[in-house]
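*Asks:* So the protein sequences, as listed, match chains S and C.
This note's numbering puts the first residue of the first sequence at 1, with every later residue one more than the last.
This note's numbering puts the first residue of the second sequence at 1, with every later residue one more than the last.
Hints may be right or wrong, so weigh each one.
[What the hints assert, rightly or not] DEER-style ranges, computed between Cβ atoms:
no.	chain 1	residue 1	chain 2	residue 2	range
1	S	G42	C	L118	39 to 45 Å
2	S	N82	C	I145	32 to 38 Å
3	C	S44	S	K123	29 to 35 Å
4	S	G139	C	A40	55 to 61 Å
5	S	A41	C	S161	20 to 26 Å
6	C	S161	S	G139	22 to 28 Å
7	C	T107	S	T150	39 to 45 Å
8	S	Y58	C	I102	40 to 46 Å
[To be verified] When the alpha-carbon atoms are kept at most 20 Å apart in a straight line, the in silico EDC-like pairs for lysine to aspartate or glutamate are as follows:
no.	chain 1	residue 1	chain 2	residue 2
9	C	K55	S	E46
10	C	K55	S	D51
11	C	K81	C	D71
Just so you know, the hints here were simulated from the structure itself, not pulled from any lab data.
Cβ coordinates follow ideal geometry from the N, Cα and C atoms, glycine included.
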Amino acid sequence: MKLFQIIILSAILVITISSNYGMCQRSLSKLNDIVFDNVFAGTDSEVLVTDPNAAEFYIYTNTPSHLTVSFVLPTVLKSSGNPDIPVTFDMSHASYRKTTNNPNGSTYFNPGVQLVLSGVANKTNVYVWLGGVAHPPNGTPPATYTATITITTTQY
Amino acid sequence: MKFAVTIILGMFLFLNTSFSQTESEEAEIDLSAASGVGDAIQLSVTANASLLVLKGVSISVSGSNTLAFGDIFTSNITQTKTITNQNGQKFLVQGNSGTNVIINYNTSVNLDNSLWALQFGGTQGTINFSVNPLPVQTLANSNYISPVTINNGGSVVLTNSGGVGKLYLWVGGKITINPNQPIGDYIGYININVSY
């Protein structure tokens, strides 16, 4: 009977180890879209990373890793039947921050260049914010203009 | 003792099953949400960017009424003539519904007959025009219903009418003709400015 108890204890320990292995997670999700402020034609509309209307993404890994972040950014916003509206993204409109979900105090980076974060610790939350500037020229017809932004992360 | 051995085998079977399920789940994640080379995992998501370009605000003359006072005979006494707001010049302001606009106008302007006097000869003179009574607005109603006075610099919100924000302004006024006013056609301009 004593032998049986020992075996049971050993089994529980093994199960625990197995569960940890099963929780290995790497995730990327969008928390927010970019919504530029309504403007009249001829007036730029800017969204800062600290603006609630900035795009926000969430990256998580529970294993130590290196992390890259890259964007496929649109150059124009489109509306069917209307001329395109240029949109720009630069180093003052993208930032990231580990652990804390608050863009104030985040680190800025150029969204047009792949961001590399080396040695991301185990179980780290990484938040990425993206703003931008839309430039509707004079004479732009009133309408809603949209575009798609793609973010890709690689963890290794 | 035989019972104990049976238990041991059972536990090991359970452990193997659990481990296999874990691996299988991880493989499913790789296939559906990521592509990996070696240990690298690549994930992508998209976000939308959107911008609403608003309709600019415009102002235009509306209706057939004008601020023409017609023919007036001069005399040796001061005369006044008034055109009511309802019978005066109507303006239409258009923009996005809900847009707050500020209305500014000349409260007083001088009309003069210089062009007429230049062409036909005669004495030049001026006639004062005052925005009196003050202009009114009827929101998006093109008819003169429930008019509300607009003070110079006052603000009004454009009211939706068929998807467009509208505001009708009604401007009348009064001219004062001095005794022995020089004859001629007197012309002047009143400016209505809409800012937003």
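*Asks:* It remains to establish, for every hint, whether it holds in the given structure.
*Replies:* Comparing the hints with the structure gives:
Against the hinted window of 39 to 45 Å, the Cβ-Cβ separation of S:G42 and C:L118 comes to about 41 Å, which satisfies the hint. Distance hint for S:N82 and C:I145: a CB-CB separation of about 37 Å, consistent with the stated range 32 to 38 Å. Between C:S44 and S:K123 the beta carbon distance is about 22 Å. The supplied range of 29 to 35 Å is therefore violated. With their beta carbons about 47 Å apart, S:G139 and C:A40 fall outside the hinted range of 55 to 61 Å.
Between S:A41 and C:S161, the C-beta spacing of about 22 Å keeps the proposed range 20 to 26 Å intact. For the hinted restraint 22 to 28 Å between C:S161 and S:G139, the CB-CB distance of approximately 24 Å keeps it satisfied. Restraint check, C:T107 to S:T150: a C-beta distance of roughly 58 Å breaks the suggested window 39 to 45 Å. Judged by the Cβ atoms, the range 40 to 46 Å given for S:Y58 and C:I102 holds: they are separated by roughly 44 Å.
Taking the CA atoms of C:K55 and S:E46, the gap is about 19 Å. The hint holds against a cut of 20 Å. Pair hint C:K55 plus S:D51 does not hold up; C-alpha atoms about 24 Å apart against a cutoff of 20 Å. Between C:K81 and C:D71 the CA atoms are separated by roughly 11 Å; this keeps the pair inside 20 Å, and the hint holds.
Comparing the model with each numbered hint stated earlier shows that hints 3, 4, 7 and 10 do not hold.
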